[in-house]
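One line per chain: the protein sequences are A and B, in this order.
Under this note's numbering, residues 1 to 342 are what the first sequence spells out, in order.
Under this note's numbering, residues 1001 to 1201 are what the second sequence spells out, in order.
These are computed hints drawn from the structure, not numbers from a lab.
Possibly wrong hints are sitting among the right ones.
A few chain A residues facing chain B, derived, Cβ under 7 Å [to be verified]: (1) M89; (2) L97; (3) P109; (4) K188; (5) R233.
Chain A is nowhere near these chain B residues, computed Cβ spacing over 10 Å in every case [as the list claims (entries may be wrong)]: (6) D1003; (7) V1013; (8) S1042; (9) R1064; (10) I1103.
Backbone N, C-alpha and C define an ideal beta-carbon position, used for all residues, glycine too.
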Amino acid sequence: METVFSLNHVYKTYHNEGKDFPALSDVSLEIKEGEIFGIIGMSGAGKSTLVRTLNRLEKVSKGEVLFYGKDLAKLKAAELRKVRHSISMIFQGFNLLMQRTVIENVEQPLRIMKVPRKKRKEIAREMLAIVGLSEKENVYPARLSGGQRQRVAIARALASDPKVLLCDEATSALDPKITGEILELLSKINRERKLTIVIITHEMSVVEKICDKVAIIDEGQLVEIGDVKEVFRNPISAAAKKLVFPSNPFDASTKNGRLIRIAFDGTRASEPFIANLVEQTGLKVNILSANTKSVGGIGYGQMVLELPEEPEKQKIITDFFIDGGLTVTEVERDEEEEEENE
Amino acid sequence: MSDYIIKTIQSGVLETLQMTFFSALFSYLIGLPLGVLLYATSKGKLLQNKGVNTTVGLLVNLLRSLPFLILLVLLIPFTRFVVGTSIGTKASIVPLTVGAVPIVARMVESSLLEVQPGIIEAATAMGASPFHILVHFIIPEVMPSLLQGAAINVAHRTSVRILPLPERCIVGDGGTSGPYGHDHSGSRKSDREKEEKNVSI
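Okay, chain B solo, but in the shape it has when bound (with noise of 0.2 Å):
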């Protein structure tokens, strides 16, 4: 294998590595208060409150029903907005967490609704705050659930950024050449260069 072969797959690794780690960390900041005001706002919950739940509930539905491609041409003003730039491994974190976060949201609420409900009863009659209930008695109990569900979110963050997806091409340099950035002839475009390679994709 040529030096050059060996150093874009460990450059591609490591990225790989950064992408997945940052996007699922950022993601679960954003998504679990989120799942969690969606599980206690909904009906019958502790803070039961129908506008938030059916507001945050659509907008987490639209989200969640875009195809993540079209999210990425669409976020591309956001992410230049965020860290300054488009492309690169810096770049494909923001629309890889925001795509997710309505995932996470969703995994976390269903975890959630996992809780017995006697588990609830026992710390009302306790006499527990709706927020103490939550913090001290259901995320703890649904704790097991709740890290199945991030195991699986984060395992499929890394497949979508192993498998040679087209739209990984577009997050990395413009889709002619290797993984993030490094084209074929080793020598780096400009920034500008790639963008407008990108537009017209």
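With the rest of the complex left out, here is chain A (with noise of 0.2 Å):
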């Protein structure tokens, strides 16, 4: 598979009355084709700004950034400009043009490149028809909701052919019902045009549902970067531990009470595990929190369980699970309680 985007230690820093303030810092990570790569973080992390190097919206102030092998930094105007015929991007705001229809929003990217007035119109069909919105064509935005705006926006994306898509927290302004639309859609144009797309976004659930690799930025700093599946099983750094397991407000029932999670796939979860360990060493384990969650169709489940308080005890549990193929990280108490400060 070709490589879209290669970052090479990206670094960029805004500079604000006199001050510096790094927003990302030796960033490196590649894009391929046809993947369904997600930038995940909190607010301010710098995924926003991460996105928009890659269109040099944003110029990187160290480091480089390559489309397709080209530096984006060294393109003249005039060739950067037909590079982003083929980097097209949607807005968490949509940025539709209040004052022209629907069909005239899809057109736009095409009056750009020059097309013909009736081939325009033609693909801008085409394309309000993928997103489903055929016969909105000469509404006005206005009277149009945020998920439909949403579909305009995405049609309007794709009118150029482009090769990325790039989505800057598409989803955000939109409910959950209609955000899972927006995301089937987006998964049906990247089997369908083996377009490859870039997704931010501060939700895991979005990530969960339709991204192939996921990249976690914290602080400007790339902390995790890996297929989903595997994060999802084993989340290494604190910030993605934060993100794929959600704090749960829960504390040990005894001062010395040591606390587990285990995390089990979708080949585990229809194993009754913990039935199975009450009856085979006749140890019992408090479950203080459980949750379960389907990744690429494969089910994940984690749970956090308080062992007795004997040693010997915690070693035959921690061990019973760990032959039974699960895995299984210690829950500390300090990162518990920061969370719930939080």
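Quick one: dock chain against chain with the hints and give me the complex.
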């Protein structure tokens, strides 16, 4: 698979009132053709800046951003404009022209590319059909719902027949049901048109639903990157853990109680392992929290358990889970408290 | 009402409309591009250019802060150069236009500033040139605001014409007679004489 974007040690620093604000520091990653690549992070983590370096809406301070091997920073204005025809973008705020009808909005990128009028209409209609808004052709965006506006924006983004679609918090302004519909549409476009999609979001559920790979950004740094399934099963960085495991308002019932987190994937989900544990060892654990989610069609689950106080019993239990193929991690008290404080 | 009054009102209204229309037209022909220039060259905008922005801004501010009456007198040589005379309907269009241009420019500029930054970002991401962004994205998007500004401007222009302000009398025919070149005696004085009157005031 060809590499679409390749970022090498990218830094971005903003200068404001004589002070430097580092937005990105030493970010290196690769995005391959046909992938749905998620970039996730808390607000202010630098993910919006990161996606804007991909089409040079933001110039990098150091490092390079290669698009199919071409360094974006070295392109002349006219060349850059041409490259931008193959990198479309959709936004949280949709950014449609309110004084233009739906079809005129979709025609905009084609107008920039100087496509003749008749051809423009033709392509625009085709794009509107893809997003399922053919009957809204002559309506003004003001009369559309948020989900429909984002669909128009997607149609507009597809009109120039891009190689990549950048989505900057594209679903953050939409409710969960509409978000699901938009994500499904994006996933369909990815399959049918072999379009590479880069998704910026702060919602783990978005990544869960459609992304193949995920990069986690925290305070301008890339803290974790990998297959979504891998990151979900075994998040390593603190930022990833925070995103994957929602914080739970629990505490051990006794002071010395030890908490562990067990994580399992779809293949294990059908086994009644807690029951097995009790049956085989006679030891009891206290389930403090549990949840499951579906990632790429496979169920993932995690449980936080409180173990008995005796160290030898704890060992038997953890060994039982590890032998069973489950991932066992310690839940540190401090970590939990921290989360609660937040 | 005597025939004379009716005639005077008729011709006065007609001339008022002429002055309003042409001064508005010309002031927008010049003011609109000037406003776009002010907007586009300002800091952080498409064609950021401090030199151009400061120069044009200064010129506009100077013109705008000049009282109309003074502008009118200052412009007499220029008016004469452009239309060949400094009195009458045609002549009044020149100072009216010059007086309106800076106001139009600033109004256009503030209208353009209303555009959502996201629109410009989206257009840039599509690979549009700064000129294309201005013509096909920003201007259509702020059109309602531009038209509103224009409506206020033209209305203001008309009111300046209709209200019996002394400046109008000067524009008209020297201040002692009826509107726009008809005096009480009904006989037209020569332009030369009127100009002398003009200056004496």
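- Task: Would you pick out the hints that fail for this structure and give their numbers low to high?
- Result: Hints 4 and 5 contradicted; others consistent.
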